Structures are given as structure tokens and as C-alpha cells.
Amino acid sequence: MSDLAGIVRLTLLVGGTATLACLPVAFLLAWVLARWRFPGKVVLDAIVHLPLVVPPVVTGWVLLLAFAPAGPVGGVLERWFGVSVLFRWTGATIAAAVMALPLMVRAMRLSIEAVDRRLEQAARTLGASRWRAYATVTLPLALPGVFAGAVLGFARSIGEFGATITFVSNVPGETQTLPLAIYAALQQPGGEQQVWRLAAISVSLSLVALVVSEALVRRAGRGTHVL
Amino acid sequence: MSDLAGIVRLTLLVGGTATLACLPVAFLLAWVLARWRFPGKVVLDAIVHLPLVVPPVVTGWVLLLAFAPAGPVGGVLERWFGVSVLFRWTGATIAAAVMALPLMVRAMRLSIEAVDRRLEQAARTLGASRWRAYATVTLPLALPGVFAGAVLGFARSIGEFGATITFVSNVPGETQTLPLAIYAALQQPGGEQQVWRLAAISVSLSLVALVVSEALVRRAGRGTHVL
Amino acid sequence: QRAAPTVLAAASMQEAMNDAADAWARAGHARPVLASAASSALARQIEAGAPADLFVSADAEWMDALQRRNLLAPGSRAIVARGRLVVVAPPGTASLNGKRGASLARVLGAGPLAMADPASVPAGRYGQQALTRMGAWDAVAPRVVRAENVRAALALVERGAAPYGIVYATDARASTRVRVVGAFPPNSHAPIVYPLARLARSRNPSAESFRRYLLSSTGQAILARRGFLTR
Amino acid sequence: MSFDVDLTLRDGRVSARFDVPGGVTILFAPSGAGKTSVLDAIAGLLTPERGHVRVDGRTLFDSAARVNLPPERRRAGYVFQDARLFPHRRVRANLLYGARDDSGLAEVADLLGIRHLLARWPRTLSGGEAKRVAIGRALLSRPDFLLLDEPLASLDAARRDDAMRAIASVRDATGLPTLLVTHDRAEAERLGDRIVELAGCDDGAPGEI
Amino acid sequence: MSFDVDLTLRDGRVSARFDVPGGVTILFAPSGAGKTSVLDAIAGLLTPERGHVRVDGRTLFDSAARVNLPPERRRAGYVFQDARLFPHRRVRANLLYGARDDSGLAEVADLLGIRHLLARWPRTLSGGEAKRVAIGRALLSRPDFLLLDEPLASLDAARRDDAMRAIASVRDATGLPTLLVTHDRAEAERLGDRIVELAGCDDGAPGEI
Ligand SMILES: Nc1ncnc2c1ncn2[C@@H]1O[C@H](COP(=O)(O)OP(=O)(O)OP(=O)(O)O)[C@@H](O)[C@H]1O
Ligand SMILES: Nc1ncnc2c1ncn2[C@@H]1O[C@H](COP(=O)(O)OP(=O)(O)OP(=O)(O)O)[C@@H](O)[C@H]1O
Ligand code: MOO
Ligand SMILES: [Mg+2]
Ligand SMILES: [Mg+2]
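Protein chains in written order, with this note's numbering: chain A, 1 to 227; chain B, 228 to 454; chain C, 455 to 685; chain D, 686 to 894; chain E, 895 to 1103.
Chain A extracted, bound-state conformation (with noise of 0.2 Å):
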């Protein structure tokens, strides 16, 4: 086990890259699956909610088979850009990313149908096309869903163990987030204090993200609530 400060940090890395990242596609598969009707719109669901129905370990194992040098994306990745995420922090990410997408989709979609369609009317026979509504409405409007998607997303990314461990192992340094070392204290006879000790941090980065959140959706909320 390396540093606790260095684990810290890459868990920290680990789960803010992937929620960063995971927040656009998110809200975009969120307001497509709130708003469009088009046919195969279940069948996009179903997928968006994948990893969370599938055990991580058999997502890590379908990212591995995706991603390894011999797999359709790790192929390309390393035959065109000559870089591979096994084994690397990119790569934990990713597995963090996947895990966490579907409950950031679930909330913002929830927030995305809550808003008052007539108001996005409002702003469309005020000149604005479908997309400035969309984003200058729908968004902030939905805000309170984004954020609270963006921590449940947070959460679980910094909680994510079995699709990383099963996708990229545990690298200590690189791949070693604290789920991954608390599960390796787990496993010895006598680590109870570590696992304690890490479990404790891990609380306090949600706890932390958590007031952030609230404290966010309620400057974000001060008009709303009300026509």
C-alpha cells in the first residue's frame, strides 16, 4: 500500500475526471431520453443503465476485453495513438466513468422532466432556437438534478471497486484508489485498523462533496420553486 496522502489523491483524480467527464454525456443522454420521442429510446435506456444492473466485476471485464491491446477500442488507442489506459489512472477512470454514468442520467433526467415545458415555449416565441431554450431554461432550471447527479455520480465513482480492479488491477500509485486499498487491508488478518482508518477518509471526501452540493443547489435554486 503506498501513501495514504498519495491515495488520497489519485481517488480524488480518479473520481473528479470521471465525473467531469461523465457530466456532459450525461445531461445530454439525460434531455434526449427526458424530451425526444424517437422508436429504440428503451432500448438506449436499457444501455445507459447497464452498469448498474451488471455486476462490476463483469463490466470490468467487458471494459478489459474492449480495451486490451487485442480488444476494438484498445486496439485503435494503441495502434493509432500508442497509448494504452490498462493499468493506468486513465484507465480506473474510465471503469469509475462507466459505473457512475447511469445515476447521473437517472437524476438529471428527473430533473430535466420536472421543468415546465411552457416555459421553454416562453422562450422559444422570445427568439431563442430549441438550444438556447434548452440552455438558457431547461439547464438551470434542471440544476438541482445535475448537481445532485454530479455527487451520486462523485460518490460512486470514489467508491467503485470491482470494475476497476477487474479492468485495470490494482496499481498502487496509478490504479490504487481507497476502495481498492481498503479492499486489500480487508484482506489481511489483523487490517481492520487500516480499513477503518480509509473508510473513515473515504466518508468525509462524500460527506464534503455532499454539503458542497446542497450548499450549490441552493444558491442555484433561490428564484425557483415557484411560476
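Honestly, the hints are just simulated from the structure, not real lab data.
Some chain B residues close to chain C (C-beta under 7 Å, calculated; not the full set):
#1 Leu291
#2 Ala295
#3 Pro296
#4 Ile392
#5 Thr393
All figures in this text were calculated on a predicted structure; none of them were measured in a lab.
Positions of the beta carbon are idealized from the N, C-alpha and C atoms, including for glycine.
Knowing the structure of chain A, use the given hints to seat chains B, C, D and E with the ligands on it.
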């Protein structure tokens, strides 16, 4: 590995029971977190989120400490009722429920927060007590979130692995749900085929849950979405 | 017919134990209830007072820990199986025979070396001991990727994510995607043993019968068919 | 007296004092003067800084005596400035929300001309239709008194008369004291037994009677 | 002609046909006749079953020619029956949402008497204040024509006159063609250059001119 039909039946039993048992608890928590103001709210919020952040293995371990014959809850169960949940499907259900709870609470809370308080006020002036207003106005209008929460919870339940195996082990016919069966198959050389088959069933189950819930939301939402 | 005993078996022993339980049931006994998980998880369940009868561990250290806490029935501990540690690589890879020290390190250290986590999984611990003994660990260590368990390490090699991996012979045996390119000498690491014991808490008389059955020549033959070395 | 009100609200920016007998009292004041705020306070939806509210001798609120009945025990028939129909209930279920049974339903629906809308969802109602349903819902809740916040806005002349007749018939049958907000002085004079004027405070100055 | 409208809507339950020159045209009809539906269709928020909408010779919708401009390209200044202010923007930002710059802001705010509300959140506005902000927001979006759905409801007499003066001054300065919905025949006759009546269909029968 016991027969496929048995595994599926057990998975549905565990996931369904966990989801149903969580629903009222989750809704109450969501309501309290959405509508009440009290000191220590952030602490409650954090506790609800814990199982999401802490790696599942740790959650499983904490459950084990609590429900073991020597533990605070397990001791009471054993002495007063002569039952133990270890190695039993009831234990697997507890693990699934604990892991699903934060997801359910979050989804429901978002929907409750989106309910226009002025409608609750209208109900009060028409003679409804705070509780009746909650049951007849807040709850039905938050139904999309309740269903979304239930699906998320169910999906999480039937995908739950880490906490379950740590808490109640993999006991075919009792605790071996689909994810545990998948894990067991992954442990076997040449078990890939079985893994794919089991994963496909997992995915189909949650797809069905998804479609059903979308239909329910649509039904429940017939009247909603404009004041 | 007496009540079935509850047997806690390390995940890597699961299949072999299944076979044994089936055979035992065919012989007219109640089929034991098998609970499997990582050895550490099972040991913690025992520490917590879980109602079980037998424990088959893949990790002697956890068995030691339980013994120190008087959780095992005195005199019931025995070795039920042994294992061997091998190096696997994709088919077509040259054999490592005769390589030691720097030359071994050069080959294994060329790419990521997949093995179970030495900090927590016995297979990894044995691997680290063997490489250290052979003078290659320090050079290889930076390239080691620590998998959650032996099967995951094997999968990394099967999928081409790592050119070499260190796994048990039992795992390598059934995979068509890898070939064994070398075996560690048994004396290069602590003995790979799977200890078995009855739990002090066990009140089920059939537990002792099943324990004896596993150690009997019939039981041992069943384990051998799954690739374990027997006593 | 029927409405005995003395309130200070919204950090002192709104205040109202009047003590009037039964019948229909018109609350007349410019936009933003605080009419809705006063009705909210009487209904128990807004807690005043200080003062008292007594209706027909019953004390609903009294800051000195620390009385503050919850809205459901005040028995106000409140028609909001916005309709506030329950979007998840059809018109029929909206009308009956506060009713003990459906005995009065047909009569009220006919009076308000909403009988053909009973099976509709609120979402599909026009502005005036929604308003009429809101009036019916308040009437059917067997209130002790009525609070009507511009109940006639967005009703055409014929409907306006119908709605007034409905309100008047309830008043005559039950003698319910009524507070009615309107902007239209002509209407105020036609409908009200007396007029209470809230002094304007459109620019944020405190309003007084 | 300025408004050349021929529409069938809501599964044939609402239809409207008129061709009128510029100035203020009053759309007069009982509650539920389809006035709001017609305005929605002209603004592009509701797609008619068939027909056409031409304003000042520009075709906004034509089912035969398959023309259907999106709302933002129709340049309607639409004041909704409900205010529909953006709850997450202060009054000032609401007013400027459709404006190119804030050059007209002060003038419009003064005309409507909402200058002291600029820093407020919509949630804290009274019914009439919200309505006035909505009118200002539409005026500031530099529309090609105005659609006003009961813009004067819930305004007191003084504000009503101010709002009408604001609308009239915009009309005189820019000559914007205007469709105005009202229930009040007296008001209709006072304000409108001409009146178009939509036949009532309160009980669900199709409306015609
Ligand atoms: N979404 C909808 N679905 C079905 N019917 C609708 C819908 N919206 C409105 N209607 C019906 O269409 C008719 C016309 O409604 P509209 O809102 O255009 O009336 P209006 O003339 O504006 O009435 P008001 O003066 O009361 O606002 C009404 O009978 C109404 O109930
Ligand atoms: N939540 C609030 N916070 C702060 N000020 C508010 C709030 N609600 C209303 N106000 C202000 O209080 C004053 C009175 O509002 P109220 O709604 O009672 O007016 P009103 O007389 O009903 O006006 P209208 O005829 O326009 O409906 C207004 O200046 C309004 O802006
Ligand atoms: O429980 Mo194991 O067999 O050490 O992976
Ligand atoms: Mg008002
Ligand atoms: Mg209308």
C-alpha cells in the same frame, strides 16, 4: 452452481423483496430530506449516502458485524426470534436493500422537491391535514421519481455483489443470485459462456423492469406536467 | 439422515468441493451446504460468529488467525490439498526454463506482469517469495499489476493485457488461451497449502464425517481430478 | 363582526385592518398592494408578523394569544388568483377533493357550466375553465367563509354572471361571509355589500387602510 | 392583409378564419372557445391540423405548402394568459431575455410601473406585477407582431391604462399588428380597431367565426 431457473427465481425474490421493503423507508427519508428543516440534516443525508460511497465489501463487512450472532442486531434476532440471516436469502435481501437505499432516496427526493408547494397549500385550505396533503398531492405528483427510484433500486439489487458475498457468502439456492453466479462462473476456467448467458439474463430482467416502470410513469403522468 | 453441515470454502476450491459434496450425497448423506467467497471474507464471517461447521481456506495465514483466536476445533486442522505456482503466457511464447535472476527479470519485466495482489492474496504472496528467491523481484516489482484474485490475473494474460502472469497450475490447466511456460520450484516459496478445519462452534456430527471424507483417498481423488496436488 | 382582521405582513410592507359584518366584502386595492398576502394570512398560508384574524367570532390567529390554527382547521373556501388545480386528478376529483360527498356536485357543476368537463384532466382546460373548476372546488368544500382572489378574471360576461350567481346563491343559502378581491371598481360596487380599500403601496411603501 | 389566418385545431373542435388589416384586432369569444389555442398556433406552439397563417404577407404556417416556421423565427411578441416568467432569472433578466440590448428597458419599465421590481425574483411578485413584467418582456423582444392573451386581467384600472398606453405607444411607433384577447366587450370596443368573434363552443362543439 444450481439450476438457472432457481438462480433467476432467487434473484427476483431478493431484488423484489429488497425493493418493496425499501420503498416506504426511502420515501419517508426522501420527504424528510426534501421538505423538512432541522439541524443535523446533512448528517442524515450523509448516512443515507454511505453505502454508495463506501466500497460494497466494507458495507458487507459492517452488516456482518451487525447481524452476526455476536453483533447487536443479530444477537437480538437470535435470542428473541431464534433466527439468523447469515447464509440465508434474507441476509442477501438485507444487503441488496442497504445498497439500493441511497439511489431510491435520491430519485424520490428530486421528485418531491419538484412538487409545487402551492398545490399542497391548496389541499390544506380544502381541509386536508399535513399528512393527507402529503398522501394525496405530494406523493402522487412525485410518482415518476418513486418509480424511477424503484427501478434504480431494483436494478441495483439484482446487480449487487460485493456486500452480499462478504455478508452472506455464495450459497447456491440461498444467496447465489445472478451476480454471485456470474462471479462463480468467472472463477472457473472456461466459464465465459456461462458468464455471458447469466449476464444476458441479468440484462433482460432489468430491461423488463425498465420498460414496466416507464409504462407506469407514463400512466401515472397522464394528467401531470401543467398546473 | 442427519442435518447437513455448512461448509465455508475458498472461491478457488468451489468446484472441487462441489464435486466432493455431490459424491458425498450420492453415498447417502445429506448434501453439505456450500458457502464460498474469498478466504478472507469467510474467515471474517467465522470471526463474527457465523453458524458454520467446516472451513476450507486458500490461505494458511487466515487459518492461523482463526486458530489463534481458538475458533477451530482442536486437532481438526489438516491440509486438504496443495498447489503449484506457474508462469503462463499466450500460446507460442517460449519456455522460461533455466532462466533466473536478471535474465528472468528481463523477460518478465518486459511488459506488465499479472499476478494476484501480493499484499492480500496468497497466490501473490507465493509469487513474490518465488521471484525474490530467484533474484528477480526487485527488477520486476514496478511492472507488477495486482489483480483481485488469481483468476483475474489469468484473464489479463488471456486477453493480451499482460504478456506473462503468475497463477496456480489448477487455473492454468483449463485455459486454452494460455500456455504454461514455467513452474516455480516448490521450495522457492512457502508451501502452497489449502488447510481444512472444523470450527469450534460446530455442533453438527456429520461435519466431522465430511471432514474425514475429504481427507480420505476417495475425497483426495476427487480433488486431484480438479488439478490439485493431494497430500 | 364577521371579519375582524388586523395584520402586519411581509416585514411591515403590508398591513390591513378592518372589522366588517357578514355578506360580501370587497377588498379593493391596486396591484401589489397586498390583497393576496392578506388572503393568504387569513387562510393560514402565511404567518403574519403580528395581529389577529377572527371570523364570525372564531379566532384563527392571534399573535398576542399565540393562537395560530393550521390551514385545514380554518375552513376557508379559498379561490386562488391562479387556479391551482391538482394536475393528477380529473376535474371531478378536483371538485370533490374537499367535499364530504358528491351531493352538491351536479348543482355546482351546472351553475358554473363545467358539467361537460368533469372527466377532463386540468391540463386540457382553458384559462377560464380552470378558474371555474377552482371556484367549484372551494364551494364544495363546505367552508365557513369564502376568500375569492379575482375569481372573475378571465371569465366572459356570461360566465362572470353565472359564477357570481353561484357565489351569491351559496351566500344566500348559507350566509357565508365572503372576502372578494377585484380590480374593477364597477364590479366591486355591483357585487359587494361594502368595500374595504387597501392603500396602494405599489412602490414598496407600506399599505394602510 | 396583416393577419391572414385560416386554421383548424384540436381535432376540429376549434377553427378560426379571419383576414384583417394592421392595428389592434380584438379576439372575442367565451371561455373555452379556442382563443388561446389560436394564439398558440399563430406563435408556432401548436401545430394546426390544416390551414395557414400569414402575418404582414409572411407565411408562418401553411399545411398545403408544408411551411411551418419554428416559434423563434415567427417573431411573435406573445403575452401568455399565465405569466410564464423564468423563475431562475430576476425581473431584469426576464425583461431582457429576448432583447438585443437594454436600450429600451428603462422606458418600458417606467411605462409598466415595474422599475422598482427589477432586482426581484419572479416568485416574490404579485399576480398583477408578474403580468406587467410579462408584457414588458414581450415588448422588449422586438417582435414583428403582438399576441396578447388577456393582458389586462388582474391589473387595476390605473395599471390597465398604463399597460394599454404602453401597447398603444409601441403600436404607434412601430405599427405592429396586434391580436388581443379579452372577455370584456366594453374594453374590446374601447381598445380595438376591429373585433373578430370566435363562435362559442363552450360545451365542446366546434367553434367558427
Ligand atoms: N391540451 C389540450 N387537450 C385537449 N383539449 C384542450 C387542450 N387545451 C385546451 N383544450 C380545449 O380546447 C378548447 C379551447 O381552449 P383554449 O384554451 O384555446 O380556450 P380559450 O378560448 O383561450 O378559453 P379561456 O378564455 O377560458 O382562456 C377548450 O374547450 C379546452 O378545454
Ligand atoms: N414571497 C414574497 N417575498 C417578498 N415579497 C413578496 C412576496 N410575495 C409577494 N410579495 C410582495 O408583496 C406585495 C403584495 O403582494 P400581493 O401578492 O399580496 O399583492 P396583490 O395586492 O395581490 O397584487 P395583485 O393585484 O397584483 O395580485 C407586492 O409588492 C409583492 O411584490
Ligand atoms: O479466496 Mo481465494 O481462493 O484466496 O481467491
Ligand atoms: Mg394578488
Ligand atoms: Mg385562454
